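Q: Can you build the whole structure from these sequences, using the hints too?
If you read the sequences in order, they're chains B and F.
Take the first sequence: its position 102, counted from the start at 1, is 102 in this note's numbering, and no numbers get skipped.
Take the second sequence: its position 377, counted from the start at 1, is 377 in this note's numbering, and no numbers get skipped.
Simulated from the structure, these hints should not be mistaken for lab results.
Be aware that one or more of the hints could be misleading.
Once the Cα atoms are required to be at most 30 angstroms apart in a straight line, the calculated DSS-like pairs of lysine-lysine come out as [said to hold, decoys possible]:
1) F/Lys358 - F/Lys105
2) F/Lys358 - B/Lys4
3) B/Lys16 - F/Lys358
4) B/Lys52 - B/Lys97
5) F/Lys96 - F/Lys301
6) F/Lys281 - B/Lys40
7) B/Lys52 - F/Lys144
8) B/Lys55 - F/Lys144
9) F/Lys105 - F/Lys203
10) B/Lys40 - F/Lys105
11) F/Lys184 - B/Lys34
12) B/Lys34 - F/Lys358
13) F/Lys184 - B/Lys55
14) B/Lys40 - F/Lys144
15) F/Lys144 - F/Lys195
16) F/Lys61 - F/Lys281
The structure presented is a predicted model; accordingly, all values stated were derived computationally and were not measured.
What follows is the residue order along each chain.
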Amino acid sequence: MAEKISFFQYWNRYLKRCITGPWSLLCGLSVTLKYFFNPKRIVTEQYPENRKTLKMHERYRGRLEMIEDAEGNNHCTACGMCERACPNASINVLPTKNIAGKKVLGRYVYHFASCTQCGLCVEACPFGAIRMGQEFEVSTTDPSTLEMILNKKEGQG
Amino acid sequence: MSSLPPGFRIERDTNTEEFFINMGPQHPSTHGALRLALRMDGETIVELVPHFGYIHRGMEKQAESMSYLQYIALSDRQDYLTAIQNNLGVVIALEKGMGIGVPEKAEYIRVMLSELGRIASHMVFFACFGGDLGGQTCLLYGFKEREMVHDILEEVTGSRLTTNFFRPGGSRYDVPDTFIPRVKAFLDHMEDTMKDYERFLSKNIVVLERSRGIGVLSKEDAIAYGCSGPVLRASGVNFDVRRNNPYSIYDQFDFEVPVTYNGDCYDRYTVRIAEIHESMKILRQCVEEFPKDGPWRAKEKPVRLPVGRYYSEIETAKGLYATYVVAATTGDKPYRIHTRGPSFPHIAALNKMVQGYKISDLVTILATLDPVIPEIDR
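A: Now the structure itself:
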């Protein structure tokens, strides 16, 4: 709480603020005008129109993807390291056996709805079989599309 | 409080009844789901009781069933404005347990990203402070600079907000080649814009009238309630973990700790603006001395802590952020992780600050505390 002041002091302060107050507002307005008339300072983007030119950074963590060649082969050995590294159980690696009786990847089930895109699975993978994608428009109206199987081919290798 | 001469103010001698007002949990100026129960006498606040827990997620309990690496990802979600610094706090505690050192380049990366995070957080404060006082242009200006920081963070870490970047012994990736030029360009841009912003807000009559002498927190109260960071320094206590108990390589840099002595809202604002300049000073020194080559992380080994208790404390943009890890068994899972967040003591001290002020001042006071509610509730 401020101390009580005399009427003369109050009147002096009042007059002083009548001048400094509007001046400070004009100073602020000059900044606004500077931005208004300087087209170089525009930072907004015309988003849906410039969709084709938009590119995320190389390390951007989007949806999980499996690295596959043209024939659909991948490096996954169904070891389950990514499943163990995932903090919220978004990955289920379902192994199967091939004709030779060797353990191979059956289905790589990925629950995008619970994924937080932390990237720990990519870090844990010893074979470099998965990566985080570049896609950033991932919203959907159909929840069933959020459960996906990442590998195209079943029981390879 | 304006001080009118005697006779100017209407003396109230009628019997007024006290009444209660709920502010929040959905009020936009409460910075998250925070409910404030107010006991009012007219428009003057008599008592304030904060209610927490609307977004309690049980993070410390979750951590008991997580590995240490997964907890680093979880620590992003505490104080999301300074996620990169939370990572650093957890990682330093883990490094103490594992007994590994960090190469010089990794330390530089840590310091630079932490300071960038501090600037981003203070820009949000600048934006919200102006926005809460009614200047909506200020809200957009502050977020513009924050966006530039987040662009740098996205390029380096892969994510804008939830960075999940630091690891015991270094970081997840090396920085890209474009990192240093981008930081330089950002600093040059920031020098210019900060001049504009200070002209815009620091001397504004509305800001001065609404924040000077409002919400005074005395030095004794600030210490007694356990405040830290800019709130503590605005009350005249010269304490900064970066200087008093240096972690990482903060002892190598030349920077000052801004301190002001009034403890009111305007001081908390000026301390934060001064801290942006100090952060830029540290970043300039980093850019000059950044090691070109050399390892960017120590030899990678699995994160397994021996039995023991490990403690680390760092200075985030909000204040003192401490992590206490208890490892009961040797392994990759903690027995207990406790976090000491900076925002909780600030909200606890809020009752001391608002008593006797008007309800419109409460919005100003809450804005200058700069609380992040998910960090309080955890």
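Q: Just to be careful, I want the Cα atoms of F/Lys281 and B/Lys40 compared with a cutoff of 30 angstroms; is the pair within it?
A: Within the cut-off at roughly 27 angstroms; holds.
Q: Next pair to validate is F/Lys61 with F/Lys281; report whether the Cα-Cα distance is within 30 angstroms.
A: violated (39 angstroms)
Q: Mind checking the alpha carbons of F/Lys184 and B/Lys34 for me, to see if they're no more than 30 angstroms apart?
A: holds (24 angstroms)
Q: Take a quick look at whether B/Lys40 and F/Lys105 sit within 30 angstroms of each other, Cα to Cα.
A: violated (35 angstroms)
Q: For the pair supplied as a hint, F/Lys105 and F/Lys203, confirm whether the alpha-carbon distance does not exceed 30 angstroms.
A: violated (41 angstroms)
Q: B/Lys34 and F/Lys358 were given as a pair; does the straight-line alpha-carbon distance stay at or below 30 angstroms?
A: violated (36 angstroms)
Q: Does B/Lys55 lie within 30 angstroms of F/Lys184 when you go C-alpha to C-alpha?
A: holds (23 angstroms)
Q: Would you mind confirming whether the straight-line C-alpha gap from F/Lys358 to F/Lys105 stays at or under 30 angstroms?
A: violated (51 angstroms)
Q: Are the Cα atoms of F/Lys144 and F/Lys195 separated by 30 angstroms or less?
A: holds (15 angstroms)
Q: Checking one constraint from the list: CA of B/Lys16 to CA of F/Lys358, max 30 angstroms. Satisfied?
A: holds (25 angstroms)
Q: Between B/Lys52 and B/Lys97, is the straight-line Cα distance small enough, at 30 angstroms or below?
A: Distance ~43 angstroms between B/Lys52 and B/Lys97 Cα, so the pair is violated.
Q: Would the pair F/Lys358 and B/Lys4 pass a check requiring their Cα atoms to be no farther apart than 30 angstroms?
A: holds (19 angstroms)
This entry does not satisfy hints 1, 4, 9, 10, 12, 16, going by the numbered hints stated previously.
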